[in-house]
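As they're listed, the protein sequences go chains A and B.
Throughout the first sequence, residue numbering follows our numbering, covering 146 to 609 in sequence.
Throughout the second sequence, residue numbering follows our numbering, covering 2 to 65 in sequence.
Hint data in this document are derived by calculation from the structure and do not stem from the laboratory.
Among the clues, some could well be false.
Computed from the model, here is a short list of chain B residues facing chain A with C-beta under 7 angstroms [said to hold, decoys possible]:
hint: 1; residue: W30
hint: 2; residue: N37
hint: 3; residue: L38
hint: 4; residue: L41
hint: 5; residue: S51
hint: 6; residue: L56
We put the CB at the ideal spot given by N, CA and C, even for glycine.
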Amino acid sequence: MSALPTGAASIAAAVADRRCSARSVITQTLERIERADGRVNAFTDVLATRALARADALDAALREGAASRPLAGVPFAVKNLIDIEGLPTRAGAKINREHPPARRDGALVRRLEAAGAILVGGLNMGEYAYDFTGENVHDGDAHNPHALDHMTGGSSGGSGAALAAGMVPLTLGSDTNGSIRVPAAFCGCFGLKPTYGRLSRAGSFPFVGSLDHLGPLARSVTDLTLAYDAMQGPDPDDPVATTRAPEPVLPGLDCGIGGLRIAVAGGYFARGGDPDAFAAVARVAEALGAQRTVELPEAHRARAAAYLITAAEGATLHLDRLRTRPGDFDPAVRDRLIAGAMIPAPFVERAQRFRRWYRDAVLDLFGSVDVILAPATPCRAPKGGQTHFVLDGVSLPVRANIGVFTQPISFIGLPVVAAPVWLDDGLPLGVQVIAAPWREDLALRVARHLERTGICTARVAELT
Amino acid sequence: MAETAPVFEPEPYITATAPLLGLAIDAAWTSSVAANLRVLAAAAALLAESPLPELVEAAPRFEA
């Protein structure tokens with residue numbers, strides 16, 4: 146048999162046409178995970194028995210004439226804060242491993258499987274998602290497949306690494322302050338952080354309720370969009386899920402960028418990073434013919450406000466655990482959460498009031514532009530274990546500063562595609578393609594144009 | 002002339018606040034918690050410097 150397809154769309158087409166079986170796809174996937182994961186450490190759980198059973202059921206249904214589904218036979222894996230039936234939802238934490246097994250899969254897992262996809266495992270992540278590095282003291286660090294001694298980025302580190310290592314074509318992550326966009330950038334794949342409330346978070350372990358998003362990562366924009374379309378729709382089990390009907394993007398994905406007003410974020414987003422980060426944005430802007438610059442007002446304060454709200458809400462969530470099990474946390478996470486618990490209430494209230502003001506100010510910008518470009522991270526992936534980096538001549542802690550360019554965007558729930566750029570033979574960078582609320586279609590269309598023109602591509606690492 | 006604002010000292014603040022929150026802070030963690038508190042205090046100061054209309058309402062349950 147010839148080599149099996151490796152992209153989600155091509156797998157689904159091949160399985161639907163019976164050119165290959167879902168079992169052969171899943172078997173190949175499990176073999177790839179077996180070969181590669183010892184070096185990458187992307188997976189915390191591999192669900193071979195379950196996945197093969199689902200594959201056999203799908204093959205049987207197709208043999209009996211069942212209608213094909215858009216993700217038929219597509220293997221995928223999810224950040225381990227998303228419920229998987231029969232497993233405790235560990236959320237990267239030692240403490241959570243003592244939780245009872247989840248009684249059913251998270252909402253997005255169910256929606257992807259309803260579209261024919263097949264879950265093959267749970268993925269490594271930073272503890273309780275309070276992380277930008279992909280490092281985890283309990284499960285071991287995820288390693289960047291493009292340079293194993295470098296960070297994957299986090300907190301959805303396994304979600305980026307599993308794609309870059311070619312183990313699966315599709316993963317799910319969560320993004321509170323940048324946790325989909327950072328690993329997408331560092332691992333050189335595409336990631337979608339949808340509008341706040343667009344995709345259900347039901348059946349996932351929270352971090353900061355007013356900032357948490359779930360979303361897909363993939364090696365192609367088409368695959369990203371296929372998954373996004375399959376997961377849309379209201380969900381009464383998530384109190385902030387939109388009541389909007391699904392708005393499928395795939396039919397218009399290849400409409401191009403004609404008529405779109407695209408600008409580059411200046412000011413805050415044009416300083417405080419390595420020159421490479423801005424070179425990546427410039428390359429994308431040139432390819433899109435984007436000459437205008439816009440300034441998101443007070444973005445540095447937006448980041449500060451996001452930082453405060455994250456620490457306070459996160460600490461509130463974990464306060465009982467901090468009281469009773471402080472020694473079982475990752476010390477770096479614990480000490481940030483303890484500090485967060487001690488923030489005076491007026492500081493948090495002011496951050497929330499600022500949030501309202503900032504949202505209105507940024508939404509005004511979208512009266513004159515459709516898409517805004519900004520760096521995803523201030524640099525390429527740091528080395529594993531690196532604690533400080535130098536940005537603009539200033540030495541800064543890595544953990545607290547990887548998200549400087551992602552935080553002001555997710556703070557007000559804007560949809561973003563992180564698109565990978567390879568400036569040279571080194572590690573990739575990411576560019577944020579940002580749209581107005583509920584306009585994921587525009588961000589995905591622009592990303593697809595960049596992919597089609599070869600400006601943004603995802604690569605599978607050789608892992609030699 | 003305005004009086005100089007008192008300097009924030011995280012360590013005594015931690016000592017005073019921990020019992021209120023029911024937290025037992027190991028002495029070995031104090032410097033790390035204090036470092037995090039300094040970062041949070043700087044973020045709060047940055048926000049305090051910005052003029053914000055008094056009638057802007059908070060967004061505790063955010064909607065995009």
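Taking the earlier hints as the rules, which of them does this structure contradict?
6
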